[in-house]
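> Given next are the chains, with one letter for each unit.
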Amino acid sequence: KAGVTQTPRYLIKTRGQQVTLSCSPISGHRSVSWYQQTPGQGLQFLFEYFSETQRNKGNFPGRFSGRQFSNSRSEMNVSTLELGDSALYLCASSHDRVGGELFFGEGSRLTVL
Amino acid sequence: QQPVQSPQAVILREGEDAVINCSSSKALYSVHWYRQKHGEAPVFLMILLKGGEQKGHEKISASFNEKKQQSSLYLTASQLSYSGTYFCGTPGSGNTPLVFGKGTRLSVIA
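These protein sequences, in sequence, are chains A and B.
Each residue of the first sequence is one higher than the one before, starting from 1 at the first, in the numbering used here.
Each residue of the second sequence is one higher than the one before, starting from 1 at the first, in the numbering used here.
Looking at chain B on its own, in the form it has when it is part of the complex:
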């Protein structure tokens, strides 16, 4: 089942922080985050594992809520290079590959 992302779009000024949410109807045991710049391939940012362990980007962090049905991605002190569409992906049932949300478009302006 496709996770739901919010907000759909956000505009920030350089240096501001942002939070992007990824919600599922079932408990998540891992969440993947990718960023896609316009005209480019999606690029891996990080994986959040069920124990809270994170692997990936240094300046980006993520967490689960209490029930582990929502993950939030935290972008601190945003830079112009952070602009792009952020996708969360959650494993499907069984061993199926990632199911992605519809994306959150982030625009960072000077």
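Extracted from the complex, chain A is given alone in its bound form:
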């Protein structure tokens, strides 16, 4: 069974640009969550999608957005990039059982110059 796949794995952008990251969940998983990981803050929740609907959103500015497609694949977009957006962006999928296990992808490492 294939795991969670994230693309691209690495990318470099400059301030003001925008970026789109993609996540393909494990087959059969309908819930996809996104987390931002930085050395100082750990894993910060961005948002969660279930059946193409955003179900929860973390405390991030509106520059961060996402969506989920009918096949459960998800994308997140960050517009008007800032230096502080440099981070590892992790996607996790789950069966959507309450308290269920999250399966993480290896992440997309974004560097903003």
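Calculated directly from the structure, the hints in this document are not laboratory data.
Treat the hints with caution; some may be incorrect.
Below, a list of computed lysine to aspartate or glutamate pairs in the DMTMM-like style, where the Cα atoms sit at most 25 Å apart [unchecked claim]:
(1) Lys37/B with Glu52/A
(2) Lys57/A with Glu82/A
(3) Lys102/B with Glu101/A
(4) Lys67/B with Glu82/A
(5) Lys26/B with Glu101/A
(6) Lys102/B with Glu106/A
Only a predicted model underlies this, so the values are computations on that prediction, with no experimental measurement involved.
Please arrange chain B on chain A, whose structure you already have, making use of the hints.
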């Protein structure tokens, strides 16, 4: 609200035991534990449920304190492969996904 983990980092020799704590300002009804090795994805270790039921790794166990505002993860007879950053995650309010602590970096040396 983000749980607080302690210690921030710990170094062990092979075979030694370790305890990692995860504290919250409110009573916990479940705690999830994940381990992330350098350059890899976080991997599920276990879930500790409010009744003390545990699901997950065989050689790792966890418990709640009396008020269920702290969970401790016990790593016994540590191996080199235990090295990594350990995160605890607690459900947010309502049905929100996990809120993770900042992590505890564990290094096991020979």
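> Taking the hints in turn, state whether each one holds.
Status of each hint after checking the structure:
Proximity of Lys37/B to Glu52/A is assessed by CA-CA distance (about 31 Å); at most 25 Å being required, the pair is judged violated. Only pairs whose Cα atoms come within 25 Å are accepted, and Lys57/A paired with Glu82/A is accepted, the gap being roughly 20 Å. Between Lys102/B and Glu101/A, the direct Cα distance comes to roughly 19 Å. Compliance with the 25 Å bound is thereby established for this hinted pair. With a C-alpha separation of about 42 Å, the suggested pair Lys67/B and Glu82/A falls outside the 25 Å cut-off, and the hint is violated.
Taking the CA atoms of Lys26/B and Glu101/A, the gap is near 22 Å; set against the 25 Å cutoff, the hint holds. For a cut-off of 25 Å, the pair hint linking Lys102/B to Glu106/A stands: about 18 Å separates their Cα positions.
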